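**Student:** Sequence:
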Amino acid sequence: MRKNPLVSVIIPCFNQARYVSETLESVQQQTFTDFECIVVNDGSTDDSLLKIKAFCEDDTRFRYIDKPNEGVSVARNTAIRQSKGKFLLPLDADDKIAPTYLEKTVGYIKQHPEVKLVCTNTRLFGAKNGDYDLPEYDYRRIICRNVLVCTALFRRKDFDKTSGYNPRMVKGLEDWDFWLSFLKEGDQVYRINEYLFFYRMKYESRNRSSFKSYAKVREQIWENHKDIYANYFFNPVETDEYQTLIHSKEYRIGKALSPILNMKWFYNLFAFFSRYGRKSADR
Numbered sequence: 438m439r440k441n442p443l444v445s446v447i448i449p450c451f452n453q454a455r456y457v458s459e460t461l462e463s464v465q466q467q468t469f470t471d472f473e474c475i476v477v478n479d480g481s482t483d484d485s486l487l488k489i490k491a492f493c494e495d496d497t498r499f500r501y502i503d504k505p506n507e508g509v510s511v512a513r514n515t516a517i518r519q520s521k522g523k524f525l526l527p528l529d530a531d532d533k534i535a536p537t538y539l540e541k542t543v544g545y546i547k548q549h550p551e552v553k554l555v556c557t558n559t560r561l562f563g564a565k566n567g568d569y570d571l572p573e574y575d576y577r578r579i580i581c582r583n584v585l586v587c588t589a590l591f592r593r594k595d596f597d598k599t600s601g602y603n604p605r606m607v608k609g610l611e612d613w614d615f616w617l618s619f620l621k622e623g624d625q626v627y628r629i630n631e632y633l634f635f636y637r638m639k640y641e642s643r644n645r646s647s648f649k650s651y652a653k654v655r656e657q658i659w660e661n662h663k664d665i666y667a668n669y670f671f672n673p674v675e676t677d678e679y680q681t682l683i684h685s686k687e688y689r690i691g692k693a694l695s696p697i698l699n700m701k702w703f704y705n706l707f708a709f710f711s712r713y714g715r716k717s718a719d720r
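So the number in the numbering used here is just where the residue sits in the sequence shown, counting from 1, plus 437.
None of the hints are false.
Subject to a maximum C-alpha distance of 27 Å in a straight line, what follows is the list of computed DSS-like cross-link-like pairs (lysine-lysine):
1) K663 <-> K608
2) K440 <-> K598
3) K547 <-> K621
4) K440 <-> K521
5) K594 <-> K547
6) K541 <-> K594
These are calculated hints, taken from the structure and not from any lab test. The model shown is predicted, which means the values in this text are computed figures rather than measured ones.
Taking the hints into account, I'd like the entire structure generated from these sequences.
**Tutor:** Below is the structure:
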């Protein structure tokens, strides 16, 4: 383990034994080597800890913390407190980064001190595959919905100006909640136009387990950031709920049918077949 690595990769892990080795391998394969990787086993009840221990024994840049389950926010904060890097990169224990992720993001943020956060394009894999094309970052947009993934590179000195990840965000969206604390209007965010982050899609997501629980988490974000929402207009078209609606299958079908349903000839045709059907039934 290097005494002063430039980057600390922070990985919380709860019951990800099936995927965590793949995630750690993606970090190990980085072309940029001046890093440490801290994995927090957050009270897993599967074989996650065994997988993590085995990996850390083979590479001194990796170390682990074993603790009772308190949620992803506490796990990230715990690892960051014990990390030494000048830059921080959160990474979930089932996702992956491309071999050049650190090389590209670290290179950019070092050359652009005015930039507060660097991320890359995202590609989905697992239950669903394809490019995850998020809209461009804008401060007023991120107030309405999260346009950043949790895996992005930022400076420790900027993290230290916040209270860290909010421990109350145990049902999801803790990364969005953190970005609202971390970013201020005028801060620059840069997205590298390469697909270097890979987000694993599962059939059951912690963030989308049910509409009711999701609504409660959204309400919690509002409670946590009332000062922001009191000072900025909340554009309903930019909200996550609205964007989910207009991209839903039901909305697309309704939109496709609406021109037809508004045509006079459609009603005439429907009336004709209705009359024809009744006459046929009478015979």
